[in-house]
Amino acid sequence: MSNLPRGIRNNNPGNIRHGEPWKGLHPEQTDKSFCRFIGPEWGYRALFVLMRTYERKYGLCSVRDIINRYAPPVENNTEGYIQRVAKELNVSPDDCLSVMQKDVLFALAEAITRVENAGQQPWGIAEMQKGLDLL
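Taking my numbering, the leading residue of the sequence shown gets -10, the next gets one more, and so forth.
Don't take every hint at face value.
[To be verified] Below, simulated BS3-like cross-link-like pairs (lysine-lysine); rule was C-alpha separation at most 30 Å, straight line:
| hint | residue 1 | residue 2 |
| --- | --- | --- |
| 1 | Lys119 | Lys91 |
| 2 | Lys46 | Lys91 |
| 3 | Lys119 | Lys12 |
| 4 | Lys76 | Lys91 |
| 5 | Lys46 | Lys119 |
| 6 | Lys21 | Lys119 |
| 7 | Lys21 | Lys46 |
| 8 | Lys12 | Lys91 |
| 9 | Lys46 | Lys12 |
| 10 | Lys119 | Lys76 |
| 11 | Lys46 | Lys76 |
[What the hints assert, rightly or not] Now the in silico label distances, taken between C-beta atoms and shown as ranges:
| hint | residue 1 | residue 2 | range |
| --- | --- | --- | --- |
| 12 | Asn79 | Lys21 | 34 to 40 Å |
| 13 | Gln18 | Asp83 | 17 to 23 Å |
| 14 | Leu(-7) | Glu77 | 16 to 22 Å |
| 15 | Cys85 | Pro16 | 20 to 26 Å |
| 16 | Ile27 | Met89 | 24 to 30 Å |
| 17 | Glu68 | Leu124 | 29 to 35 Å |
| 18 | Tyr47 | His7 | 28 to 34 Å |
| 19 | His15 | Cys85 | 31 to 37 Å |
| 20 | Gln90 | Arg(-5) | 26 to 32 Å |
| 21 | Lys12 | Gln109 | 23 to 29 Å |
| 22 | Arg(-2) | Lys119 | 17 to 23 Å |
Source of the hints: derived by calculation from the structure; they are not laboratory data. Ideal Cβ placement from N, Cα and C applies to all residues, glycine included.
Input sequences plus hints: build the corresponding full structure.
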């Protein structure tokens, strides 16, 4: 279990950092930097809230804009992240997308999960749908 990527161990597909009082947080926060959720659906819920907030509040719609905010260059290879996510979504990094559309939201979450968890994605549509249902 300890060999699994951090986001998988924490039921946090997007490796969301501590800061917000997210619903579904595990009562024991054993990771000093990243949230630990009681189940992956709660981690997806938090990721969906963030992605939709980026669109609604900040007007971010391209993979480039979203990932620049989500994984800033100060701590990430953001350009590599952008290119990988855009490739997985089969779009240009600067194409405008809407995460209000379920298929776009799920595809973006799937790609972010893979980047954040060393290429691993142990969850699927069922966990994402449960997360969406929790909104």
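A quick look at each hint next to the structure:
Note on Lys119 and Lys91: the hinted pairing holds, with a Cα-Cα distance of about 12 Å set against a maximum of 30 Å. Distance hint between Lys46 and Lys91 is fulfilled; the C-alpha atoms sit about 18 Å from each other, no more than 30 Å. A C-alpha spacing of about 14 Å is found between Lys119 and Lys12, which places the hinted pair at or below 30 Å, so the restraint holds. The straight-line distance between the Cα atoms of Lys76 and Lys91 is roughly 19 Å, inside the 30 Å bound, and the hint therefore holds.
In summary, the hint linking Lys46 to Lys119 is supported, as the alpha carbons are separated by about 24 Å, within the 30 Å threshold. Distance hint between Lys21 and Lys119 is fulfilled; the C-alpha atoms sit about 27 Å from each other, no more than 30 Å. Distance restraint check for Lys21 and Lys46: the Cα-Cα separation of roughly 28 Å lies within the 30 Å cut-off, and the hinted pair is therefore satisfied. For the proposed pair Lys12 and Lys91, the alpha carbon gap of about 21 Å is at most 30 Å, so the pair holds.
Proposed proximity of Lys46 and Lys12 is supported: the alpha carbons are some 20 Å apart, at most 30 Å. Distance restraint check for Lys119 and Lys76: the Cα-Cα separation of roughly 26 Å lies within the 30 Å cut-off, and the hinted pair is therefore satisfied. Restraint check for Lys46 and Lys76: satisfied, since their Cα atoms lie roughly 26 Å apart, inside the 30 Å limit. In this structure the supplied range 34 to 40 Å holds for Asn79 paired with Lys21, their Cβ-Cβ distance being about 37 Å.
Between Gln18 and Asp83 the beta carbons are some 37 Å apart, a value that contradicts the proposed interval 17 to 23 Å. Leu(-7) and Glu77 have their C-beta atoms about 21 Å apart, which keeps the hinted 16 to 22 Å range intact. The hinted range of 20 to 26 Å is not satisfied by Cys85 and Pro16, whose Cβ atoms lie roughly 40 Å apart. Evaluation of the 24 to 30 Å hint for Ile27 and Met89 yields a pass: the beta carbon distance comes to about 26 Å.
Checked against the hint of 29 to 35 Å, the pair Glu68 and Leu124 passes, with Cβ atoms roughly 31 Å apart. The hinted window of 28 to 34 Å between Tyr47 and His7 is violated, with their beta carbons roughly 21 Å apart. Roughly 36 Å separates the CB atoms of His15 and Cys85, a value that falls within the hinted 31 to 37 Å. Under the hint 26 to 32 Å, the C-beta atoms of Gln90 and Arg(-5), about 29 Å apart, fit the expected range.
Evaluation of the 23 to 29 Å hint for Lys12 and Gln109 yields a pass: the beta carbon distance comes to about 25 Å. For the pair Arg(-2) and Lys119, the beta carbons lie near 19 Å from each other, so the given range of 17 to 23 Å is met.
Violated hints for the displayed structure, listed by number in ascending order: 13, 15 and 18.
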